[in-house]
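From first to last, the protein sequence lines stand for chains A and B. For the first sequence, my numbering gives the first residue as 535, with consecutive numbering after it. For the second sequence, my numbering gives the first residue as 14, with consecutive numbering after it.
Everything labelled a hint here was simulated from the structure, so no lab data went into it. Hints should not be assumed to be uniformly reliable.
As the list claims (entries may be wrong) - Simulated restraints, written as ranges between beta carbons of each label pair:
1. A:605 x B:259: 27 to 35 Å
2. B:243 x A:638: 30 to 38 Å
3. A:607 x B:209: 51 to 59 Å
4. A:649 x B:129: 43 to 51 Å
5. B:58 x A:592: 18 to 26 Å
6. A:581 x B:255: 48 to 56 Å
7. B:195 x A:561: 40 to 48 Å
8. B:88 x A:581: 56 to 64 Å
9. B:195 x A:568: 56 to 64 Å
Said to hold, decoys possible - Below, simulated DSS-like cross-link-like pairs (lysine-lysine); rule was C-alpha separation at most 30 Å, straight line:
10. A:648 x B:149
11. A:656 x A:555
12. B:17 x B:149
13. A:555 x B:225
14. B:225 x A:592
C-beta atoms are modelled at their ideal positions from N, C-alpha and C, and glycine is treated no differently.
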Amino acid sequence: MVTKSDTESVQIEIFPQRFLKPDTAQRLLEEIYSSGGILRIMIQGPNLPKSVPYGPGKGIPIEEHMNMLLELGDSALELRVKVGRIWLELESEEKIEWVKAACERVLPCTFTIKRKQLFHTKPTVSDYAKYGSEVEDKRILGLVDPKAKRERDLAILSDTGGDT
Amino acid sequence: MAYKPQYYPGTTSVGKNRRKHMSGDLEKLRDISDADVVTIMGHRAPGADYPSTHPPLAEMGEPDCPIRQIVTPTPGAAAGDRIRYSQFADSMYNAPAIPYFRSYWAAINCRGSDPGTLSGRQIVEARERDIEQYTKIMMDTEMCDPALATMRGCTVHGHSLRLDEDGMMFDMLARTELGSDGNVYYVKDQVGIPLDRKVNAGKPMSEAEAKKRTTIFRCDNVSFGGPCTADKRTLDEGLVTLHHMWERRSKWGFRPE
């Protein structure tokens, strides 16, 4: 995360036509992050379980899904989904073109970028249940789903931001 | 004049492919060995005896029944095999088969089978040695593209999701992988239990080939009749028939007179 900016932030969604391999997702996020000006990043996609959830093989570990790390800045998160959608909050509108160029460089498939309001701005009932009436850092709103564990699913890359 | 079944209307490639699936007149594209099919199904070890639920019919002394005299039992039923299944998930990205046409194929062409149709997957149940034979046909012929149709006994998620980067249908259990030689390999059986060796399921179809062989109407391939927003749509004959049935059913379905 970066310092507060005078310009108004924008939110965009990157939607590739194919699910991304962990390597591709890593390279794309590195490219985007390296340019700076990123306030929030959220990745979304279908769950990759660590063990077979149903059936006769229930409980058998799925080795292919083990130890997938997403390293960004000085933080690392365990990748638990197949990356199919990336939400970004950017410092300013000018950054959109830079993100688009990064996508063109890295993604092996076509993609769409849409600008819209993605992260919610007010606490929901779930947020209230989870964080209480006072949300310490409002940047967390809409960043992880209600069942997510903060220490497992959220990384603060550089905590110099304020109440963005 | 001998009766010739008219399986499905329509002049589009999708209509023709649907007729092919229903009639069982399918082109064989690959040859997966019996042992490999049994391995992927995972119900018994290849070469092992078939467990049975009852003695062979010949030893049981069947009652005197005219129907039993007319209908010859399938090999599995005659031997007293267990009922077993194989289930496939088909990607909506132009997979060759879709659940309904797998079911039509099984109901018309596979004796002693019980097809079950679901939205994104399709199961066929039959006596063990019969289902092995039917599954081999499904995997060997144009009903299957190993990248877009996978045998998935459970955790079947994938039909309506985007494909992976390499063109494979998303699989939560990572049962298949695209090898460096361009072939698709099963590394797990249909319920996600790792196999001792990889099983080669053949090469995936090219995008153009999949579009040619699919039984799915899609706006970006063969559509029902042009884009939904078009002023005038020319519907496939099959769709005209379907609309006709729906109209009649809606208007007079409850008042047949």
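Each hint, compared with the structure:
no.: 1; hint: A:605 x B:259: 27 to 35 Å; verdict: violated (55 Å)
no.: 2; hint: B:243 x A:638: 30 to 38 Å; verdict: holds (32 Å)
no.: 3; hint: A:607 x B:209: 51 to 59 Å; verdict: violated (42 Å)
no.: 4; hint: A:649 x B:129: 43 to 51 Å; verdict: holds (45 Å)
no.: 5; hint: B:58 x A:592: 18 to 26 Å; verdict: holds (21 Å)
no.: 6; hint: A:581 x B:255: 48 to 56 Å; verdict: violated (36 Å)
no.: 7; hint: B:195 x A:561: 40 to 48 Å; verdict: violated (24 Å)
no.: 8; hint: B:88 x A:581: 56 to 64 Å; verdict: violated (42 Å)
no.: 9; hint: B:195 x A:568: 56 to 64 Å; verdict: violated (34 Å)
no.: 10; hint: A:648 x B:149; verdict: violated (45 Å)
no.: 11; hint: A:656 x A:555; verdict: violated (33 Å)
no.: 12; hint: B:17 x B:149; verdict: holds (27 Å)
no.: 13; hint: A:555 x B:225; verdict: holds (28 Å)
no.: 14; hint: B:225 x A:592; verdict: violated (38 Å)
Hint compliance for this structure: hints 1, 3, 6, 7, 8, 9, 10, 11, 14 are broken, all remaining hints hold.
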